[in-house]
Amino acid sequence: MFPLALLPDRLGCKASRRRLLILLALTLGPQAVRGAGADDFFESRVRPLLVARCQECHGAKVSEAGLRLDSRRGVLAGGRSGPAAIAGDIDRSRLIEAVRRVGELPMPPDDPLDPADVAVLKRWVADGLAWSGPGSEGQEGPAPSPVADPDMRLAEALATHWSFRPPQRHQPPALPASFPEDIRRAWSASPVDRFVAAGIAAAGLTPAPAAPPEHLIRRLSFDLTGLPPAAADVDAFAADPSDAAYASLVDRLLASREHAEHWARTWLDLARYADTMGYAFDGQTSLYPFAWTYRDWVIGALHKDLPYDRFVILQIAADLVTPPVPRADLAALGFLTVGRTFMGNEHDVFDDRIDLVTRGLMGLTVACARCHDHKYEPVGMADYYALHGIFASCEIPEQLPVIGPPPPGPEADTFAATMAGLEQREAEYGRTIHERATREAIQHAADYLLETCRPLPRPDGRPPQLADGYEIEQLLVDRLVRKLEGAGPDHPVLGLWVAVRGQSDEAFPTAVAAVTTAWQAAGEAAVNAALRAEVRAAHPAAPRPLAETFARVIARAHAAAGTAEDDAHLAAVRETFTLPGAPLVVLPGEVARVARREEEVELRKRRRDIAALQAKASGGPLRAMVLRDVEQPHDSPIFLRGQSDRIGEVVPRRLPRLLGGEAVDRRSSGRLELARGIASPANPLTARLIVNWAWTHHFGRGLVATPGDLGLRGDPPSHPELLDDLARRFVEDGRWSLRWLHREIVTSHAWRQASRIRCEGHAVDPENRLVARANRRRLDWEAWRDSLCAAAGTLDLARGGGPGIDPVATERIDVRSLYAQLDRQDVPGIMRSFDIANPDAAVHARVRTIVPPQSLASLNAPLVVEAARRLADRAAAAAGGDGDEAFVRSVWRAALSRTPSADEAALAMVWLADERRGESAADAAADGRHFGPRERLAQAVLATAEFEFLD
Amino acid sequence: MTARAATPVSRREALVRSGLGLGWLGAASLLADEGRSNVPATLAPRPPHFTPRARAVIHLFANGGPSHVDTFDRKVALDAYAGREIPVSLKTERRTGTAMPSPFAFRRHGESGLEVSELFPALARHADRLCVVRSMHADVPNHEPSLMLMNCGDPRLVRPSAGAWVTYGLGTENQNLPGFVAMCPGGYPIKATENWRSAFLPGAFQGTYVDTRKRRVEDLVQHVNHPVLDRETQRRQFGLIAGLDRRHLADRGPDPLLEARLASLELAWRMQAEAADAFDVSREPQHVLERYGDDVQGRQMLIARRLVERGVRYVQVWHGEGQPWDSHEDIAKNHRKLARESDRAIGALLDDLVGLGLLETTLVLWGGEFGRTPTVELPSDAGVKAPTGRDHNHYGFSVWLAGGGIKPGHVHGATDEFGFRAVENRMHVHDLQATMLHLLGLDHERLTYRHSGRDFRLTDVHGRVVSEIVA
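Chains as they are written, first to last, in this note's numbering: chain R, 54 to 1004; chain W, 286 to 756.
Rather than coming from a laboratory, the hints here were simulated on the basis of the structure. None of these values were measured; they are calculated from a predicted model. Note that CB positions come from ideal geometry on N, CA and C, so glycine has one too. Mixed in with the good hints there might be a few duds.
Below, computed lysine to aspartate or glutamate pairings styled on DMTMM-like, alpha-carbon distance capped at 20 Å [said to hold, decoys possible]: (1) Lys175/R x Asp204/R; (2) Lys428/R x Asp745/W; (3) Lys428/R x Glu730/W; (4) Lys428/R x Asp740/W; (5) Lys658/R x Asp666/W; (6) Lys670/W x Glu651/R; (7) Lys376/W x Asp142/R.
Here are the simulated distance ranges between beta carbons [as the list claims (entries may be wrong)]: (8) Ile449/R x Arg379/W: 24 to 34 Å; (9) Val654/R x Asp424/W: 45 to 55 Å; (10) Asp531/R x Phe335/W: 57 to 67 Å; (11) Arg379/W x Glu451/R: 25 to 35 Å; (12) Pro664/W x Ala579/R: 51 to 61 Å; (13) Gly539/R x Arg379/W: 34 to 44 Å; (14) Pro664/W x Glu481/R: 30 to 40 Å; (15) Gln221/R x Gly528/W: 51 to 61 Å; (16) Pro664/W x Arg478/R: 30 to 40 Å; (17) Asp167/R x Phe335/W: 22 to 32 Å.
Using the sequences plus the hints, can you model the full thing?
Take a look at the structure:
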């Protein structure tokens, strides 16, 4: 049974209840259908409802639970749980049970039907399930269509779905005459207000009164900076709450660094920021030593109000833009690289980046197309793998680029010296591997030559291990094959092998003979003498003997270097096989690829030492977590069903077709074109997404309630014209300035409404979609912790930046929460219980729960206890010898930014006096762990709902 | 009536109001979720899809991969082939050699005649209550992906754990305790907190990790006590907070959020007492402590019982940090040690669940992320010096279940003659998950969550309810 509407009663909303009843009677009353036939009723009321609300999942394309609601027969036959409806029997019809949401399966799952619609369906069932036209008995419903043609789906979606069409500017409507004059005057200036007002008026409501100045400045301060206002600022604003005073307050807060910090954290949610790569195998560090350079870059960019389009472009392609950006801006690329590393599975990494740039920046769920064409959006696997190719054409360099010097000093000197030593150790070991690998490759020259005869790819996918335990290096085989292909049959050294390597064993002797015969005809110069002599001596008639013959010549040539035996022929053999750049020589850059297991361990250890030193970052240079294009960018094939071993057609790198599908410059990965395509005024999604994102955070609810999904499955906007108009003005009037956008929103009167729940609004619009009041909100983890630090008086706003701090440590209550080092593998429980964003995928808005662990933290967390101690000390110092009244006043002003009411002050003072009576002298004189009445009072104030909530 | 029911009520309010009405308001948590309000981010109990058989789960995780051929899946052929190659050869993580007979003796137990090796004498007393599935199989022979598959239903991608799904689907019955508790003594298993994560589900559904190597309650449960104040002093402080909050509410309300906050505060206060009680095994009589054994396993099994008794929905008990059951070497010694550590406590746990009448409604699952090869692992540079252990085996392994609507005294499925590969009534991990959810009254295809534009579920697009093991 659905819970009864208790709230309006408690609000004393009898009038609204009655009006609602009348309203319902008007919509549902018999006159609505009187005189019309059952078929008309079906066509005008039932069919539209079934189409709009049921058939998406229970229709021809998708029939969840086997149920189809697009024909009478389908309704009667039902699905897995039996008939959907029984003609004339409301009580036994599961359809009715479902839409009334009283049974096991409330439907539609997400968005209940309006009561009026439920009544329509009940009437329809009760009257016998009349069905006319397509879908009626004898006239089958529309045949199940084959999977719709992607082109058609694309064209249809582009033409019909709101977010795929370019946003338009709209004339803001005039203010409703029904509003009181003062509201009409205040709300007339801002287009935002006029759009909102129209919606409120259409529902028969009026806006809420303006919030009291004390509430407003607190809300504004948290909204723009994530910090409480100073009590003195509250007093000043309460004394002069004029529009001018408000405007200058807004300007001051928007210009502050704290504003950039606060919104940077919000952006970092979207960027799925964390300081670690996720799970790392035993013993390996998972720390990203320089993720924070990205965090600090975001703060800096917001602080200078970098236009949003540029902000996006730099985060995707800072390394590719022209003219080149200052090195410091390379840190922007951390956007792409601070995600999980998925234990090295690169396809998951690409997937993460694809999701980030499509869903994160555009609200488009492209990642669904990894395994199949998108079920809902006009996005195909080809779109996905076109983007896959872009990211597969990028790499993270082993050495991250330096973007700034370390602060000079002894730390930097020590760092430089230690680093030089470690780098030398690494280089030396690299040379050892290089020499060993080259020596062994030359020893196995015959095997390498034989490998070039085998077809590729190998059936088992890996190069063979030889009898002596040596593993053939595929790298060298590939290089040798390329060399052979480039050489041709006339090559003096390789010609023979080129001519015979493709021959079968039977044909081999003849083929060799043919070449040696030809040598005689061609004369001395045509062939390498050293080789010829050896071949003549050995008479090789099968592949292996011939390869070994070559190997002997190679070994002799290699050994002869610098000796008296050397001659031009041997030198030519060396040049062909064993000089740097020749096929059997491992290049210094390749040592990691040819290292044996134990060598790899040692090499990794030495590299880890370097990484560990860099990771400390104290004394070392600052580095950016960049991505760069690979030398040879390439397209990706479609992986059938998302499986990398089931290769389909290769897709050229390009933007999704939904965005025009433009191809990228073949010589680059295509990141720059991708970035420009996203941050383009022509992109219908990007500006809408970010405008809605900002709105969501300012109001606690978006114009689109699914801020990460603007696609076909997302919620439609509550105020489409407002969203479009604001998006266009953001780009055109605001020139992509986020500060412009924040100002536009917080200076609106819609935003400045009071948050008190009013009964008539609540009855009509319980979720406050219409913005007929402000939404009360719980502070996020960061704002809550920062408020504790602010109340404690320990917060030092000049600190922050650089490597992160431990946000739970009571010693670090001097630093703002966003400067935490965040391990995505191990988020502290207290932060989780305050719903910090899951750092594994773009989060546009956090879940906000109210659960007991939050209160447990307020009651018992060391962080709170420490803040209470400091707050008590601070308030006692401020009160001096003035006693409890001054103390209580100081606590309130420090913690809640206001003076306590007389009532509150009296309550607190009586409480203190009572507590003190129970306190023995010994307690009072106890050591540092003493937590006396004043400390306890301070903690109590920090644990109040007022501290934790915004009006 | 119609009009009242028809009054528009948002889902978030419904939670709060029904909370007020039914007295579990404290559980109600309000949300502005990432999308529309399509999910209750609350631990309040919710009705399942259909009548459940089990209302709680205890998952005993023998992490590292216990050997099925040494515990619950006897293979006489291994004795016959001792020291010889067997005709089945499947690729596992490392190289293995010839057949390795089990170093442990098997014996039939109970009326069902279930064969259990000598490793688990205390457990074997419950043979007629167990359902051994001998035909389990997973996807790959590596710990990380197999742990993820077993716990989260996907070997690689970031997905919520089974415990998170279950608490999301059903809430939990005791609002004074977490709904999902993961215990692991000494630290984390491989893949750490990912094993009990909530991923994209709200954080309320994440498993609460408890390091059961610790003994003091305040070390076991975060923020369960004030670091300085005694309870009486804190009670007076609590009175002040509640007083201030009521004034605030009177001034600002009525407001469902503030009401929920006040209720949540009061609940936290009760939770302090209840959690301290639940995790404090020293409150058990001496003879009970002795039955479980005064050691880490004894303590954590006892805590598991106390939690389930108090209405906790999902309890996961890991054998220990890292991957203790991973006996690549010296399995005779290592498996014996591991079984000895846990057998007595598991036996006592089952005794108590039976005695308290809880087994009927508590599903107990024991197993690892995979089993082990019937062939001996060869020495290698991975550190194995002597051929005395077994490699990972995901092709076939055993788990056992008990209680909660499971068919007792039953064996389901079989591996081949040697125990290498499940061949008869094969049961994939997704099938196990689908069946567990089924016993809890949840349809694994309907327990979904909308995220990133699509509906996700524990079993992805797989899973079959194996009705053959349901009583």
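Verification of the hints:
1. With a C-alpha separation of about 40 Å, the suggested pair Lys175/R and Asp204/R falls outside the 20 Å cut-off, and the hint is violated.
2. The hinted pair formed by Lys428/R and Asp745/W meets the criterion: a straight-line CA distance of about 15 Å does not exceed 20 Å.
3. Taken as a hint, the Lys428/R and Glu730/W pair is honoured in the structure, with Cα atoms around 17 Å apart against an allowance of 20 Å.
4. Taken as a hint, the Lys428/R and Asp740/W pair is honoured in the structure, with Cα atoms around 11 Å apart against an allowance of 20 Å.
5. A threshold of 20 Å between alpha carbons decides the hint, and for Lys658/R with Asp666/W the separation of about 17 Å falls inside it, so the pair holds.
6. Between Lys670/W and Glu651/R, the direct Cα distance comes to roughly 16 Å. Compliance with the 20 Å bound is thereby established for this hinted pair.
7. Proximity of Lys376/W to Asp142/R is assessed by CA-CA distance (about 60 Å); at most 20 Å being required, the pair is judged violated.
8. In this structure, Ile449/R and Arg379/W meet the distance hint of 24 to 34 Å, their C-beta atoms being roughly 31 Å apart.
9. In this structure the supplied range 45 to 55 Å is violated for Val654/R paired with Asp424/W, their Cβ-Cβ distance being about 28 Å.
10. The given range of 57 to 67 Å is respected by Asp531/R and Phe335/W, whose C-beta atoms sit roughly 59 Å from each other.
11. For Arg379/W and Glu451/R, the hinted distance range of 25 to 35 Å is satisfied, since their beta carbons lie about 30 Å from each other.
12. At about 54 Å, the beta-carbon gap between Pro664/W and Ala579/R stays in the expected band of 51 to 61 Å.
13. Taken as a hint, the range 34 to 44 Å holds for the pair Gly539/R and Arg379/W, whose Cβ atoms sit roughly 41 Å apart.
14. A beta carbon spacing of about 32 Å between Pro664/W and Glu481/R agrees with the range 30 to 40 Å that was offered as a hint.
15. Between Gln221/R and Gly528/W the C-beta distance comes to about 54 Å, which sits within the given range of 51 to 61 Å.
16. For the hinted restraint 30 to 40 Å between Pro664/W and Arg478/R, the CB-CB distance of approximately 31 Å keeps it satisfied.
17. For the pair Asp167/R and Phe335/W, the supplied restraint of 22 to 32 Å holds, since their beta-carbon distance comes to about 29 Å.
Hint check: violations occur at hints 1, 7 and 9; the rest are consistent with the structure.
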